[in-house]
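Chemist: For reference, the chains in residue letters:
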Amino acid sequence: MTSTAAPPVPAPARPAPPVRRPRRNWRGWLFVAPFMLVFALTFIAPVVYAFVLSLFRDQAFFGGTVFVGADNYAQVLADPKFWESFQRVLVFLAVQVPIMLLLALVAALAIDSARLHAAGFFRIVIFLPYAVPAVVATLMWGFIYGDHFGLAADLNHLLGTDAVKPLSQNWLLTSIGNVVTWEFVGYNMLIFYSALKVIPTELFEAAAIDGAGTFRVIRSVKLPAIRGAIVIATIFSIIGSFQLFNEPNIMRNLVPNVIGTFYTPNMYAYNLSFAGQQYNYSATVAIVMGVITAIIAYVVQLRGSRKGM
Amino acid sequence: MAAVATKTLSVTRPRKSRTLTAVMALYLVYTLVPLAWLVINASKTQPALFSTSGLSFGGPFALFDNIAQTFTYNDGIFFRWLGNTLLYVVVGAGGATILATAAGYGLAKYRFPGRRAVFAIVLGAVAVPTTALAVPTFLMFSKLGLTNTPLSVIIPSLISPFGLYLIWVYAADAIPDELMEAARIDGAGELRIFFTVTLRQLAPGIVTVALFTMVQTWNNYFLPLIMLSEPKWYPLTVGLNQWSAQANGAGAQPIFNLVLTGSLLTIIPLVIAFLFMQRFWQSGLSAGSVKQ
Amino acid sequence: MSRHTVVKGHSMSRIRSRARAFAAVALAAALAVGCSSGGSTAGPAAVTGTQDSVDAALKAGGSITYWSWTPSAKDQVAAFEKQYPNVKVNYVNAGTNKDEYTKLQNAIKAGSGAPDVAQIEYYALPQFALTDSLVDLNQYGFGSFEKDYSASTWAQVKSANGVYGLPQDSGPMALFYNKEVFDKNAIAVPKTWEEYIAAAKKLHAADPTKYITSDTGDPGFALSMIWQAGGHPIGVDGRNVKVNFADAGTKKWTAMWDQLIQGKLLAPVKEWSDDWFRALGDGTISSLVTGAWMPGNFISSVPGGSGKWAVAPMPTYDGQKAVTAENGGSTQSVLKQSKNPALAAAFVRWLNHDGGVQPFIKSGGFPSTTADLTSPAFVDQAVPYFGGQKINQVLTQASKDVAPGWTYLPYQTYANSVFSDTAGKAYLNGTGLDAGLAAWQQAIVDYGNQQGFTVSAG
Chain U
24 MTSTAAPPVP
34 APARPAPPVR
44 RPRRNWRGWL
54 FVAPFMLVFA
64 LTFIAPVVYA
74 FVLSLFRDQA
84 FFGGTVFVGA
94 DNYAQVLADP
104 KFWESFQRVL
114 VFLAVQVPIM
124 LLLALVAALA
134 IDSARLHAAG
144 FFRIVIFLPY
154 AVPAVVATLM
164 WGFIYGDHFG
174 LAADLNHLLG
184 TDAVKPLSQN
194 WLLTSIGNVV
204 TWEFVGYNML
214 IFYSALKVIP
224 TELFEAAAID
234 GAGTFRVIRS
244 VKLPAIRGAI
254 VIATIFSIIG
264 SFQLFNEPNI
274 MRNLVPNVIG
284 TFYTPNMYAY
294 NLSFAGQQYN
304 YSATVAIVMG
314 VITAIIAYVV
324 QLRGSRKGM
Chain A
4 MAAVATKTLS
14 VTRPRKSRTL
24 TAVMALYLVY
34 TLVPLAWLVI
44 NASKTQPALF
54 STSGLSFGGP
64 FALFDNIAQT
74 FTYNDGIFFR
84 WLGNTLLYVV
94 VGAGGATILA
104 TAAGYGLAKY
114 RFPGRRAVFA
124 IVLGAVAVPT
134 TALAVPTFLM
144 FSKLGLTNTP
154 LSVIIPSLIS
164 PFGLYLIWVY
174 AADAIPDELM
184 EAARIDGAGE
194 LRIFFTVTLR
204 QLAPGIVTVA
214 LFTMVQTWNN
224 YFLPLIMLSE
234 PKWYPLTVGL
244 NQWSAQANGA
254 GAQPIFNLVL
264 TGSLLTIIPL
274 VIAFLFMQRF
284 WQSGLSAGSV
294 KQ
Chain P
7 MSRHTVVKGH
17 SMSRIRSRAR
27 AFAAVALAAA
37 LAVGCSSGGS
47 TAGPAAVTGT
57 QDSVDAALKA
67 GGSITYWSWT
77 PSAKDQVAAF
87 EKQYPNVKVN
97 YVNAGTNKDE
107 YTKLQNAIKA
117 GSGAPDVAQI
127 EYYALPQFAL
137 TDSLVDLNQY
147 GFGSFEKDYS
157 ASTWAQVKSA
167 NGVYGLPQDS
177 GPMALFYNKE
187 VFDKNAIAVP
197 KTWEEYIAAA
207 KKLHAADPTK
217 YITSDTGDPG
227 FALSMIWQAG
237 GHPIGVDGRN
247 VKVNFADAGT
257 KKWTAMWDQL
267 IQGKLLAPVK
277 EWSDDWFRAL
287 GDGTISSLVT
297 GAWMPGNFIS
307 SVPGGSGKWA
317 VAPMPTYDGQ
327 KAVTAENGGS
337 TQSVLKQSKN
347 PALAAAFVRW
357 LNHDGGVQPF
367 IKSGGFPSTT
377 ADLTSPAFVD
387 QAVPYFGGQK
397 INQVLTQASK
407 DVAPGWTYLP
417 YQTYANSVFS
427 DTAGKAYLNG
437 TGLDAGLAAW
447 QQAIVDYGNQ
457 QGFTVSAG
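Protein chains in written order, with our numbering: chain U, 24 to 332; chain A, 4 to 295; chain P, 7 to 464.
Just chain U, with the same shape it has in the complex:
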């Protein structure tokens, strides 16, 4: 990947090699150390602590702490609740992430195309939902989804049906997907847009001389140029999907029978800790999810940077 084709967001494992590198020495740590210090305190230490927790079993009411080795891991891997929640976020990921990223990509390309009236306005407004806290967004959509007094009720009234039930069992995952899409299209659009913005104009000029149409320019110039951005947006979206929590957890207040305590793996871990005081098992669930997420993110990243164009 050359530095001209990839800015500003190439694949993470391959930061552009500089022409002349200073000698390998410890000076870089001067800049990295402060970050790593705080990182160690807020990320690494809790992860290590969680790992330690996962090796023990503790009873909230009686008895003490027992070292159980890998027992908790064996239990998680055989836990139907865990797999049910995992399967749910997997479905969510397979459907919602592509839709969201596609919308974001189309929006970014449209805004970047210079063919849109009031492009700046579009860019700001589409980004706006990202500025809405998940708590507020979910409360808001929750009101709107109400099929008794909410907008959904108005819509049903208008259509003369009662088919629109965003909070019913069959619709709910879609409804949550809608909230997440609404919140994050703008964010991803901005990542794509900033990548598009820095494609060197010479590339377009070359394409124009070749007589390439808009669609071909997109396919053969723009998309390859922002591949790094697409990969990183995909990775962050996958991580986000696997960690789905705020939206279903707040919406649970409206439909507790539909959104159970193990609707997503993260909710499961949360409820194990905070409702059941099963801290050890909860930590195990968290670590298993973390490992799965890291593996998938790594695979996506590898594939993303290998697929030569």
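Since the hints were derived computationally from the structure, they do not count as laboratory data. Small disclaimer: the values here were computed from a predicted structure and weren't measured. Treat the hints with care, since some could be wrong.
[As the list claims (entries may be wrong)] DMTMM-like mimics (lysine to aspartate or glutamate), calculated; alpha carbons at most 20 Å apart, straight line: (1) P:K65 x P:D360; (2) P:K153 x P:D407; (3) P:K104 x A:E233; (4) P:K270 x U:D185; (5) P:K80 x A:D78.
Place chains A and P on chain U using the hints.
Modeler: Quick look at chains A and P alone, frame taken from chain U:
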């Protein structure tokens, strides 16, 4: 997409397309309807909220009254939450931006032992669900006596892996090695290079990271919820959710109108900040692209 | 008992010391559980101390922290500080019910950060008592207050092992109904559950937008209904817990309530949502079977229902003897983490025994103190919202008709948190409450056994 494909492109000055604009406008409606709903309903009194349709104004126009009530309810606790949020954003997001800038730059421009490991560790740790790390973090912080203090919210906000990543890839291209070499030949130390040469070159990237970390800190919900027990330290998000939850059970005091108005007021500063910062951010971006 | 019996850590020395402490904890815990099993049948708790130290602490002054979400808390604290200027009470609303318990649990686990005094609902009390997190108020002689409280509330704070709080409010259940809707549809106030179901059918048939009531699956409500039906699904004896959601009383309720669920006669509106408050105001929900604390909520939050609602005794199965159950209600307890437990106890005494009771009643609360439950000023008060009805006559009578001998689980907050996962399906799919409660029972048995109880079904 179809609209994009139908016409040929002239690189320098393409014609504006109405079809494309219309298609995008549809998406705009989807984006704006919930926000419009919020504005409309924040202008209703509590009784009108319970008796009028969602997408039309109804009852007395009470927006300003609601705003006044939001700020005065419970001795003006909302104002305090706003102040807390600002504190967390300035210190937390500000600190996160500084740390990410320095570290991203260090990773991009220096070769040092453990460089690859840093990336692997950062990405790996990001994959572990933060909500589940909340308990270990809480227990650690409480041993350090940090829980229920602003620090318990600020310290975890200081880390922005995405910001680190952004600066890293940005610095890799935006700072020519020649420039650094030239400064070194002039006898500048590494820190001096960072402050005099690097920061200016990285400005657009820094503004972008600042924007993202600011939004993240402003919207931070879960961690403060766990860490803080006293409303006097709450940020807006946790406070609003508590207002929403107080409609529950015996002694319920539903104030949905204030929840909605408070939500609206929570969004507005971010929107303004975004609009304001956009000027820098936009010029920064184009500057960045010119440099290629 | 040392602090680390409730603080969990993982260093080897900690583990060893925990093992040593195990026997002591287990014994104390067994005694603590024993307390909640007794209900009104347990012997009187021993009075082991006097109020002298409390009075002394009050005189010495100091500062304490108080967690509560009750609407009257702020006024009560202000009144208390006025009366005792050398005591500073730091009032904190740390969240409503389960949100507060989560924070309390976290603080207890962390070993610091808990308040001196906290509001705890009766159903959650055994859990905190069991984990040795609460101060036994007998050491200040509060056991002698027994006669000042209604039997049903005292039974919930007292155990064979101690007194873990003084009751604040109580929730003997009654039938709240929208008289306007009932009259319009020619529905008589139901005295039996059979009549109630008939009324539900008649109402919904006459006007499909109206429902007799709402219930989307609330564990507290379900347990209260089982309680009223004469069920005893939970038995606690030390570390031994028996759970049986198939006893005669439970079945009586499920058979009755299933008719409402499966007949789609319940308003599909989540309790305490904005929709719900609307539905109470516009007649969509035309009755509620709930605790005596409800009138305050009507007055403050359902302005549209003013003049329409009325109160009647809770329907029964045989229409003969009045019988009801407690729903909700809470106590104020002193936390073991308190650095000044005597002062904290003094505040609790003032709050729920002395000066704090009147501000509480004024805010719409329903008291537990017999003096107020029998005072003509309270009982014979005509309430304009309820068309001038003297509703407290009905409600104070209900507090005398509470069926005795109820027990909550020693880990009820956990059980309630998984109610929606299990029994909730019965509400969602109409698959029958018996099956739903059986699933809940299984979850309760599994969890209890994991946590060191010996839980048996049936």
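Chemist: Which earlier hints can't be squared with this structure?
Modeler: Of the numbered hints given earlier, the structure breaks none, since each of them holds.
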